[in-house]
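Sequences listed follow chains A and B, in order. The numbering of the first sequence is the numbering used here, which starts it at 1 and goes up by one. The numbering of the second sequence is the numbering used here, which starts it at 1001 and goes up by one.
Keep in mind the hints are simulated off the structure, nothing from the lab. Keep in mind that this is a model prediction, so the values were computed, not measured. Where a beta carbon is used, it is the ideal one built from N, C-alpha and C, also for glycine. Among these hints, one or two may not hold up.
[Said to hold, decoys possible] Calculated cross-link-like contacts (lysine-lysine; reagent style DSS-like; alpha-carbon spacing at most 30 Å):
#1 A:Lys151 / B:Lys1164
#2 B:Lys1190 / A:Lys126
#3 B:Lys1190 / A:Lys33
#4 B:Lys1050 / A:Lys59
#5 A:Lys55 / B:Lys1190
#6 A:Lys59 / B:Lys1104
#7 B:Lys1164 / A:Lys33
#8 A:Lys56 / B:Lys1416
#9 B:Lys1003 / A:Lys189
#10 A:Lys33 / B:Lys1091
#11 A:Lys189 / B:Lys1416
#12 B:Lys1416 / A:Lys55
#13 A:Lys189 / B:Lys1326
[As the list claims (entries may be wrong)] If you want a taste of the chain B side facing chain A, the calculated C-beta under 8 Å gives, among others:
#14 Lys1003
#15 Gln1007
#16 Lys1008
#17 Asp1011
#18 Leu1026
#19 Gly1145
#20 Ser1162
#21 Asn1303
#22 Pro1305
#23 Pro1307
#24 Ser1309
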Amino acid sequence: MALEKISKVTGTAVAVPGDDIDTDRIIPARFMKCVTFDGLGEFMFYDVRFNDDGKKTPKTHPLNEEKYKKATILITGNNFGCGSSREHAPQAIYRYGIRAVIAEGFAEIFFGNSTTLSMPCVTVSKADRQILQELVQNDPTTEIGIDLEAKTVKAAGKTFPCEIRESARQVLVSGHWDPIAELLEGNNKVDEVAASLPYVAA
Amino acid sequence: MAKTLFQKVWDAHSVRQLPNGQTQLLIGTHLIHEVTSPQAFAMIRELGLKVRYPHRTFATVDHIVPTDEAVEPYADSLADAMIKALRQNCKEFNVTFFDRSTGKQGIVHVVGPEQGITQPGTTIACGDSHTSTHGAFGAIAFGIGTTQVRDVLATQTMALGSMKVRRINVDGKLSHGVYAKDVILHIIRKLGVNGGTGYAYEYAGTTFDNFSMEERMTVCNMSIEGGARVGYVNPDGKTCEFLKGRPYSPKDREWDAAVNRWLSFASDPGADYDDVVNFKAGDIEPTVTWGINPGQAVFINENIPAPESAGETEKALILEALEHMKFEGNTPIKGKKIDVAFIGSCTNGRLSDFQETARLIKGRHVAPGVKAIAVPGSQVVAGLCETMGIAQTFRDAGFEWRDAGCSMCLAMNPDKLVGDQLCASSSNRNFKGRQGSITGRTLLMSPAMVAAAAITGKVSDAREVFAS
C-alpha cells in the first residue's frame, strides 16, 4: 500500500490556546453516536464554538472567525487531547481540514491516533508556542511550514525547533503511517507467538 | 536479569520489531464495545479481511444503553442503530457478545474480570482509555483508537512503542473513611494529569498488597487520568483467588499450571525502574475534585485553591476551572450544595462499591431536591445486589436503582445533567460537559463521599456524616 509521504505540512494556522484540552472538548460524546466517522468535522470543538440553544448560535471562538476558516494547522497548549482513546477526536480535527497540530505536549493515545491518520503532532517550547500563536493572531495569513525532516517550524522568517517521537516521524516521512500492511506481513510469526501463550492458543 | 512485569509481558507478546522501531505486539485479549468498534469492522470489511482470532475478542454493550429501558428499539434511534450494528458485527465475524439478553452484559471493564477473561501476564486492548483497569490483575492493558481496533481484529497485533515504568509505592494503612478512589485521586493530584505520559505505572507497596482486587481495579482504572496509558499491580494470591471458578478461568488440571505461570510474571525484586515515587497511606484524606480535570482536587477539609497563589500557567487553569465550576477561589469545597449524586462507572460500579455504600446509607434518606442514581457496572453486579438486599437498601434510601451501563459517567445514554447542575460522582472524569450538559459540573469522589453528599445535599465529610 503506497501511502502519501508526509515530510512537510505548510499552511495557515489557527490558535486554540489552553492546556489540558481534553477529547470531550474536541468532540463531545453525544456526537459519537454514529457508526461511521463521516461528518464529524462539523462537530469539532462544538460546545466551545456554539451555544447550547438548539440554534447553533456561534460563540466567540477563533474557529468561528472567517479569517481562520482556511487554516490547516492547529496551534495549542500542553497535554492536548488528554482523556479518552476516542479516535473520533483526531478524526474530527482531520475531517475539519486540519493537517497538523503544534502544541507544547500531547496526550499519548491522541498522539498515536493522529499519527495513524497521517496528521503530524509536533511539540515546541512554551515560549515558541506563544510566539507562533501571536504571529497567527496578528496576521492570520502567516504561512507556517512544518518540516519533519529538519524538525523545524518556520513562520515569518523565523525558524523554531520542534520535536516528534522518532517512530512517528519515520512512518510519516516514509509513508508507512498506516501500519496494517506491515502487521499483516508478520502473520506467520504471530501464530508462533500465539502458540507459546496458553491463554491465546486454547 | 531482574525484570519488571511490564518487560516480561512485553517480551512474551513481542512478535517482531517494525522498521520504525516500534514493536508488533500480540494482543492476547481484545475487548470491544459499540462506540469504537463499528468503524473498525467497516474497515476490515472494506479491506476484505477477517477477524484473525475470533475466540480472543469479546464484546459487550455499555456506553449507550439506557439504564431504565431494556426493550428495543430504544427511543434514541442512534443508540438503537449502534447496538444492532454490534450485534450484527459479532454474528458476522463469530465474536462472543455479552448482549443484554445474556445476563452477563455490563461495562467492558467490569465484565472482563468478572468473567475471568482478564488474567495476569496477558496483553489486553480495548477502544477505551479505561482499559488500564485490567492491569489490576497484572496484565498490560491499555486503550486504543479505532484504527488500532481494526489492526487487532485483523491481525491480533498492533504497532506500539515501549513505555517507561514508574513504580508508585503506597505504604501503610489508610485512615478510616479513606478509599482506593482517594488514593488514585491523590496520586493524580500530586503527579499531574500528564505526569504519566510515556509511562506504565506499577502500583505497589503494602497498601496495594492489602487492597482487594476491586480496590486495585479502581486505582488502575484512573491511570490514564494521570497520563499513564498503562497501570498495573503485580499478581499475587489474591489475584488468583479472585479468578478461581470464573467462567473463562482455567479449570481442573490447567489451574495449577496457570497459577504458576501467572505469578511468574510479577516484577522481580531488584528490577530496574525508570522512576520511583513513594506515598504514605496515612497522609491521604478523602479527596474531592473542584475543577475540570481529575488532578484539580483537594482534601475534603481543604479550600479550593486561589488563583493568586499559583504561577502563571497554573493560574490560567485555575481561573478557567473556577469560571466553569462557578466557585470562588480560597473557599471550602465542603458545603457546596449538590443537585445530583451518581454512583457507578468502571471506576466504582462493582459489588464492593455498592456493598460499602449500602452499609453507610442504610436507614438514611437522600436529601430533598437531590436526584440520586445508582448504576451497577454489570448485570452480574446488579443480580448480586438484588440477592444481597443491597439494591433495596438503595431504593429505600431514595436512590433510583438502574440497569447496568456507563450511564452518567459520560452521558451517551439518556442519563444526563441538566443546565449547570452540580453532581457528586463516583466516576473518573470531570471535564467540561462530560456528564451531558455543556454547563454541567462534576465533582469526583469515592462512592462513600457521594453517598454523604446525597444524604446531606452538599459536599460533606463521609466520616462525619456516617459517624453514628
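Report task. Would you settle whether the hint for B:Leu1026 is holds or violated, based on the nearest Cβ-Cβ distance to chain A being less than 8 Å? Result -> holds (5 Å)
Query raised in the report: Does B:Lys1416 lie within 30 Å of A:Lys56 when you go C-alpha to C-alpha?
Result: Judged against 30 Å, a Cα distance of about 20 Å means the pair holds.
Requested in this report: Have a go at the B:Asn1303 hint: is there a Cβ in chain A nearer than 8 Å to its own Cβ?
Outcome: With Cβ-Cβ at 22 Å, over 8 Å, it is violated.
Query raised in the report: Does A:Lys59 lie within 30 Å of B:Lys1050 when you go C-alpha to C-alpha?
Result: violated (46 Å)
Query raised in the report: CA of A:Lys33 to CA of B:Lys1091, is that 30 Å or under?
Result: At roughly 21 Å apart (the allowed maximum being 30 Å), B:Lys1091 and A:Lys33 satisfy the hint.
**Report entry** Hint validity - B:Gln1007 Cβ closer than 8 Å to any chain A Cβ
**Finding:** violated (16 Å)
Report task. Sort out whether A:Lys189 lies within 30 Å of B:Lys1003, counting only the CA atoms. Result -> Holds - the C-alpha atoms of A:Lys189 and B:Lys1003 are around 24 Å apart, at most 30 Å.
Query - Restraint status (C-alpha distance of A:Lys189 to B:Lys1416 at most 30 Å) - result: violated (47 Å)
Query raised in the report: Taking 30 Å as the top limit, are the C-alpha atoms of B:Lys1416 and A:Lys55 close enough?
Result: At roughly 20 Å apart (the allowed maximum being 30 Å), A:Lys55 and B:Lys1416 satisfy the hint.
Report task. Using 8 Å as the Cβ threshold, decide whether B:Ser1162 counts as touching chain A. Result -> violated (10 Å)
Query raised in the report: Are the Cα positions of B:Lys1164 and A:Lys33 separated by 30 Å at most?
Result: Violated: B:Lys1164 and A:Lys33 sit about 35 Å apart, past 30 Å.
Query raised in the report: Can the restraint linking A:Lys59 and B:Lys1104 be considered satisfied, given a maximum Cα separation of 30 Å?
Result: Between A:Lys59 and B:Lys1104 the Cα gap is close to 44 Å, so the pair fails against 30 Å, i.e. violated.
When each numbered hint is compared with the structure, violations occur for hints 3, 4, 5, 6, 7, 11, 13, 14, 15, 16, 17, 20, 21, 22, 23, 24.
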